[in-house]
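J.: The lines below spell out each chain.
There are 2 protein chains.
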Amino acid sequence: MTQFDKHPDLIVRQPDPFNGGPPPNLLLGNFITPYELFFVRSHGGVPNVDRSSYRLTVDGLVERPLSLSLDDLQRLPRAAVTATLQCAGNRRQEMMAHKPIPDELPWGTEAVSNAEWSGVPLREVLAAAGVRPGARHAAFTGLDDTERHGHRFNFGGSIPLDKALSGEVLLADSMNGQPLQPVHGAPLRVVVPGYVGARSVKWLSRITLQEKPSDNYFQARAYRLFPPHYDKDNVDWEKGLMLGEAPVNSVILSPQEKATVPAGKVTVRGWALAGGSRGVARVDISADGGENWTVADFIKDEGVFVWRLWEAVLDLASGPQEIVCRAWDTAAQTQPERAGQVWNFKGYANNAWHRVRVTCA
Amino acid sequence: MTQFDKHPDLIVRQPDPFNGGPPPNLLLGNFITPYELFFVRSHGGVPNVDRSSYRLTVDGLVERPLSLSLDDLQRLPRAAVTATLQCAGNRRQEMMAHKPIPDELPWGTEAVSNAEWSGVPLREVLAAAGVRPGARHAAFTGLDDTERHGHRFNFGGSIPLDKALSGEVLLADSMNGQPLQPVHGAPLRVVVPGYVGARSVKWLSRITLQEKPSDNYFQARAYRLFPPHYDKDNVDWEKGLMLGEAPVNSVILSPQEKATVPAGKVTVRGWALAGGSRGVARVDISADGGENWTVADFIKDEGVFVWRLWEAVLDLASGPQEIVCRAWDTAAQTQPERAGQVWNFKGYANNAWHRVRVTCA
Numbered sequence: 047m048t049q050f051d052k053h054p055d056l057i058v059r060q061p062d063p064f065n066g067g068p069p070p071n072l073l074l075g076n077f078i079t080p081y082e083l084f085f086v087r088s089h090g091g092v093p094n095v096d097r098s099s100y101r102l103t104v105d106g107l108v109e110r111p112l113s114l115s116l117d118d119l120q121r122l123p124r125a126a127v128t129a130t131l132q133c134a135g136n137r138r139q140e141m142m143a144h145k146p147i148p149d150e151l152p153w154g155t156e157a158v159s160n161a162e163w164s165g166v167p168l169r170e171v172l173a174a175a176g177v178r179p180g181a182r183h184a185a186f187t188g189l190d191d192t193e194r195h196g197h198r199f200n201f202g203g204s205i206p207l208d209k210a211l212s213g214e215v216l217l218a219d220s221m222n223g224q225p226l227q228p229v230h231g232a233p234l235r236v237v238v239p240g241y242v243g244a245r246s247v248k249w250l251s252r253i254t255l256q257e258k259p260s261d262n263y264f265q266a267r268a269y270r271l272f273p274p275h276y277d278k279d280n281v282d283w284e285k286g287l288m289l290g291e292a293p294v295n296s297v298i299l300s301p302q303e304k305a306t307v308p309a310g311k312v313t314v315r316g317w318a319l320a321g322g323s324r325g326v327a328r329v330d331i332s333a334d335g336g337e338n339w340t341v342a343d344f345i346k347d348e349g350v351f352v353w354r355l356w357e358a359v360l361d362l363a364s365g366p367q368e369i370v371c372r373a374w375d376t377a378a379q380t381q382p383e384r385a386g387q388v389w390n391f392k393g394y395a396n397n398a399w400h401r402v403r404v405t406c407a
Numbered sequence: 047m048t049q050f051d052k053h054p055d056l057i058v059r060q061p062d063p064f065n066g067g068p069p070p071n072l073l074l075g076n077f078i079t080p081y082e083l084f085f086v087r088s089h090g091g092v093p094n095v096d097r098s099s100y101r102l103t104v105d106g107l108v109e110r111p112l113s114l115s116l117d118d119l120q121r122l123p124r125a126a127v128t129a130t131l132q133c134a135g136n137r138r139q140e141m142m143a144h145k146p147i148p149d150e151l152p153w154g155t156e157a158v159s160n161a162e163w164s165g166v167p168l169r170e171v172l173a174a175a176g177v178r179p180g181a182r183h184a185a186f187t188g189l190d191d192t193e194r195h196g197h198r199f200n201f202g203g204s205i206p207l208d209k210a211l212s213g214e215v216l217l218a219d220s221m222n223g224q225p226l227q228p229v230h231g232a233p234l235r236v237v238v239p240g241y242v243g244a245r246s247v248k249w250l251s252r253i254t255l256q257e258k259p260s261d262n263y264f265q266a267r268a269y270r271l272f273p274p275h276y277d278k279d280n281v282d283w284e285k286g287l288m289l290g291e292a293p294v295n296s297v298i299l300s301p302q303e304k305a306t307v308p309a310g311k312v313t314v315r316g317w318a319l320a321g322g323s324r325g326v327a328r329v330d331i332s333a334d335g336g337e338n339w340t341v342a343d344f345i346k347d348e349g350v351f352v353w354r355l356w357e358a359v360l361d362l363a364s365g366p367q368e369i370v371c372r373a374w375d376t377a378a379q380t381q382p383e384r385a386g387q388v389w390n391f392k393g394y395a396n397n398a399w400h401r402v403r404v405t406c407a
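Just so you know, the sequences run in chain order A and B. Just so you know, we're using our numbering here: the first sequence kicks off at 47 and counts up by one. Just so you know, we're using our numbering here: the second sequence kicks off at 47 and counts up by one.
I should point out that these hints are in silico values taken from the structure, not numbers from a laboratory. Treat the hints with caution; some may be incorrect.
[As the list claims (entries may be wrong)] BS3-like cross-link-like pairs, simulated, lysine-lysine; straight-line CA separation at most 30 Å:
1) B:K304 with B:K346
2) B:K304 with A:K346
3) A:K285 with A:K145
4) A:K278 with B:K258
5) B:K311 with B:K258
6) A:K145 with A:K278
7) B:K145 with B:K304
8) A:K285 with B:K52
9) B:K346 with B:K52
10) B:K311 with B:K278
11) A:K52 with A:K311
12) B:K304 with B:K52
13) A:K258 with B:K346
14) A:K346 with B:K285
15) A:K285 with A:K258
16) A:K304 with A:K52
17) A:K278 with A:K304
18) B:K278 with A:K311
19) B:K346 with A:K285
20) B:K278 with B:K145
21) B:K285 with B:K304
22) A:K346 with A:K311
23) B:K285 with A:K311
24) A:K346 with A:K304
[Claimed, not checked] Output of the computed footprint for chain A on chain B, the stretches with three or more beta carbons under 8 Å from beta carbons of chain A:
25) 74-84
26) 272-285
27) 327-335
[To be verified] Sample of chain A residues lacking proximity to chain B, with all beta carbon distances greater than 12 Å (derived):
28) D118
29) V177
30) E383
A virtual CB, placed ideally from N, CA and C, is assigned to each residue, including glycine.
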């Protein structure tokens with residue numbers, strides 16, 4: 047089992063490779079997720095990387111292929127970014143309640159966390175290598191040893207070149223002011239703000255500029271959004287949207303599902319996150335299934351790429367209650383009502399209204 | 047009444063100032079909307095502009111305030127862009143069916159059109175003027191004479207400076223290869239691809255770089271998205287989202303509402319549009335209220351800022367049928383189910399599933 051400095055209360059979805067994240071009560075109140083609580087999504091084991099022989103390869107449609115040691119990377123300009131990462135499978139459990147999703151991790155709401163990252167902007171490395179005409183995508187390959195369907199390979203994925211050159215994407219060696227730990231991708235990981243977590247490749251070993259998206263399994267087959275009538279037996283892999291930017295989402299962290307709370311004024315708290323370069327404009331809370339909404343207050347005012355923490359006070363009568371939340375992004379886009387409406391057989395990108403059932407006593 | 051070369055079958059929502067657009071059967075099949083069919087949203091009368099004395103003022107937080115004649119503008123670099131414009135109030139009628147919206151135009155689905163625009167990129171004009179530190183928004187003012195609540199003023203609005211400098215925004219003097227007509231903003235209008243139509247200010251007379259968004263009525267009060275519990279009597283104007291980028295949307299153009307069609311194979315056709323810089327990834331059609339979906343085929347493959355035309359074949363039994371469509375953007379974001387879920391007292395940004403009720407005979 048993967049060894050790392052993790053909090054004993056993490057919700058564990060898979061012990062090896064380790065997949066788990068913080069329960070709502072521990073996410074609550076932390077704008078920056080503490081190191082030991084940050085969720086872990088691993089597709090394979092954590093590789094042992096020898097820092098002295100480590101090299102980052104930059105190749106493909108570049109003027110000057112590079113092989114950079116960690117010392118070489120230290121000589122490049124640095125930057126910092128606060129970015130919330132969320133697994134594309136976060137909130138899959140709610141989709142599973144609508145219709146089973148057999149072969150994927152049953153994430154609740156714990157596959158999301160927020161950190162301060164620092165490192166070398168991807169743009170600096172690409173400028174050093176020189177972008178050749180025809181390049182459209184930056185493909186990343188990790189050092190992990192992953193197995194899918196009988197094949198062993200390294201995790202990988204890609205992002206459009208425009209995003210790679212935007213200055214927003216970081217090759218991070220530091221998280222929350224500390225050196226990056228092995229389980230989070232040491233010595234170097236990609237951080238792609240505004241995108242699903244899978245594109246923030248850990249244990250980065252290679253950046254390849256190319257005309258097409260990565261043909262790695264996790265870009266070409268997994269992490270695609272398929273129409274609802276597909277399943278693993280009838281899927282046409284070409285018919286799925288390759289996930290990149292994420293849709294607007296929000297989650298209630300308190301009260302928690304099945305909690306008993308005193309009737310009367312109940313403070314509801316949670317987070318909201320907009321994908322791409324959009325911001326969160328508003329969060330609404332309802333205790334009557336969306337007939338009436340209360341607008342939440344933002345606790346902290348931040349820009350794009352990070353969640354906005356919010357709270358709202360509802361006046362609840364005694365008895366069973368269902369509290370729901372929905373966010374709006376800065377393009378006036380809100381969330382769909384039910385997880386069944388966005389169900390897909392891989393269980394990605396669930397951004398339905400989040401629901402918490404409580405008893406008011 | 048406004049005189050212009052308009053199609054006799056335009057749906058007229060207001061004769062003076064003229065507000066109207068093309069019925070579904072005339073939008074159908076045209077990727078580029080013919081000139082005489084392009085929808086018109088006028089807030090005031092069409093101004094008489096003398097081309098020889100016309101000047102475009104560029105002021106505010108600029109290094110060199112400019113006063114440009116049409117001849118001056120002709121000496122700047124030119125560009126062309128195909129962009130679909132949609133009024134923020136398009137599809138308001140469906141919201142009105144949920145709850146009345148008394149003081150706004152009852153747009154059906156006709157406040158949207160697509161054109162080829164050409165002119166001077168806004169970026170070129172701003173480069174000539176020089177952007178001073180502190181500038182965050184580009185405010186536009188028109189030459190029309192508009193009246194709201196007893197005050198007479200010019201229409202105006204603003205966009206973030208980043209968008210203004212993106213190269214995507216055009217100061218257009220040509221539409222579909224012809225000189226811009228007065229009703230569409232001659233001699234010069236703004237075209238802001240990916241934004242609600244209101245920011246594409248017609249009869250442009252002034253561009254002001256400033257720290258804050260425009261304080262024009264149509265930026266500061268109108269074209270804001272308010273929470274559902276506000277109306278004109280209790281509204282807090284500061285609590286509304288200033289509309290800019292638009293949410294993903296789609297509309298069925300054929301068959302039309304209340305049509306009678308032969309039972310059996312029915313071809314459904316329409317358009318889909320994603321806001322900001324996102325693209326349309328998929329369109330789904332259902333004849334059973336969203337239980338089962340058919341994925342539509344795209345007829346024409348275009349990039350961002352333009353609608354994607356689609357078609358799908360459904361097998362319909364005889365009797366009354368409701369056909370619905372929903373689109374997904376490239377960030378895996380789809381539309382909400384019901385107009386009531388996004389209702390707001392100004393009736394903006396309705397992107398609920400579009401519904402057409404037909405009888406199969």
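J.: A separate judgement is required for each hint: does it hold in the structure or not?
T.: Results of checking the hints against the structure:
Distance check on the hinted pair: K304 of chain B and K346 of chain B sit about 27 Å apart at the alpha-carbon level, within 30 Å; holds. Taking the CA atoms of K304 of chain B and K346 of chain A, the gap is near 49 Å; set against the 30 Å cutoff, the hint is violated. Between K285 of chain A and K145 of chain A the CA atoms are separated by roughly 21 Å; this keeps the pair inside 30 Å, and the hint holds. About 51 Å separates the Cα atoms of K278 of chain A and K258 of chain B, which puts this hinted pair outside 30 Å; it is violated.
The suggested pairing of K311 of chain B with K258 of chain B is violated, with an alpha-carbon distance near 54 Å, which exceeds 30 Å. The straight-line distance between the Cα atoms of K145 of chain A and K278 of chain A is roughly 14 Å, inside the 30 Å bound, and the hint therefore holds. Taking the CA atoms of K145 of chain B and K304 of chain B, the gap is about 22 Å. The hint holds against a cut of 30 Å. The straight-line distance between the Cα atoms of K285 of chain A and K52 of chain B is roughly 41 Å, outside the 30 Å bound, and the hint therefore fails.
Among the hinted pairs, K346 of chain B with K52 of chain B is consistent with the structure: their alpha-carbon atoms are about 27 Å apart, no more than 30 Å. Proposed proximity of K311 of chain B and K278 of chain B is contradicted: the alpha carbons are some 47 Å apart, above 30 Å. Only pairs whose Cα atoms come within 30 Å are accepted, and K52 of chain A paired with K311 of chain A is rejected, the gap being roughly 35 Å. About 26 Å separates the Cα atoms of K304 of chain B and K52 of chain B, which keeps this hinted pair within 30 Å; it holds.
Distance restraint check for K258 of chain A and K346 of chain B: the Cα-Cα separation of roughly 21 Å lies within the 30 Å cut-off, and the hinted pair is therefore satisfied. Our distance criterion of 30 Å between C-alpha atoms is met by K346 of chain A and K285 of chain B, whose separation comes to about 17 Å. Distance hint between K285 of chain A and K258 of chain A is fulfilled; the C-alpha atoms sit about 16 Å from each other, no more than 30 Å. Proposed proximity of K304 of chain A and K52 of chain A is supported: the alpha carbons are some 26 Å apart, at most 30 Å.
Only pairs whose Cα atoms come within 30 Å are accepted, and K278 of chain A paired with K304 of chain A is rejected, the gap being roughly 33 Å. For the hint linking K278 of chain B to K311 of chain A, the alpha-carbon distance of about 28 Å falls within 30 Å, and the restraint holds. Between K346 of chain B and K285 of chain A the alpha-carbon distance is near 17 Å, which keeps this suggested pair within the 30 Å criterion. This hinted pair checks out: K278 of chain B and K145 of chain B have alpha carbons roughly 14 Å apart, not beyond 30 Å.
A hinted pair counts as satisfied when its Cα atoms are at most 30 Å apart, and K285 of chain B with K304 of chain B does not qualify at roughly 39 Å. Restraint check for K346 of chain A and K311 of chain A: the C-alpha separation of about 22 Å stays at or below 30 Å, so the hint holds. Distance check on the hinted pair: K285 of chain B and K311 of chain A sit about 23 Å apart at the alpha-carbon level, within 30 Å; holds. For the proposed pair K346 of chain A and K304 of chain A, the alpha carbon gap of about 27 Å is at most 30 Å, so the pair holds.
Against chain A, the segment 74-84 of chain B contributes 0 residues with a C-beta closer than 8 Å to a partner C-beta. That does not satisfy the three-residue criterion, and the hint is violated. Three residues within the 8 Å Cβ limit are the bar, and the segment 272-285 of chain B against chain A gives 4, so the coverage statement holds. Counting residues of the segment 327-335 of chain B whose beta-carbon sits less than 8 Å from any beta-carbon of chain A gives 3, enough to reach three: the coverage restraint holds. At roughly 33 Å from the closest C-beta of chain B, the C-beta of D118 of chain A stays outside 12 Å, upholding its exclusion from the interface.
For V177 of chain A, the condition that its CB be more than 12 Å from all CB atoms of chain B holds, with the nearest at approximately 19 Å. Against chain B, the non-interface label of E383 of chain A is violated: not every CB pair exceeds 12 Å, the least being about 6 Å.
When each numbered hint is compared with the structure, violations occur for hints 2, 4, 5, 8, 10, 11, 17, 21, 25, 30.
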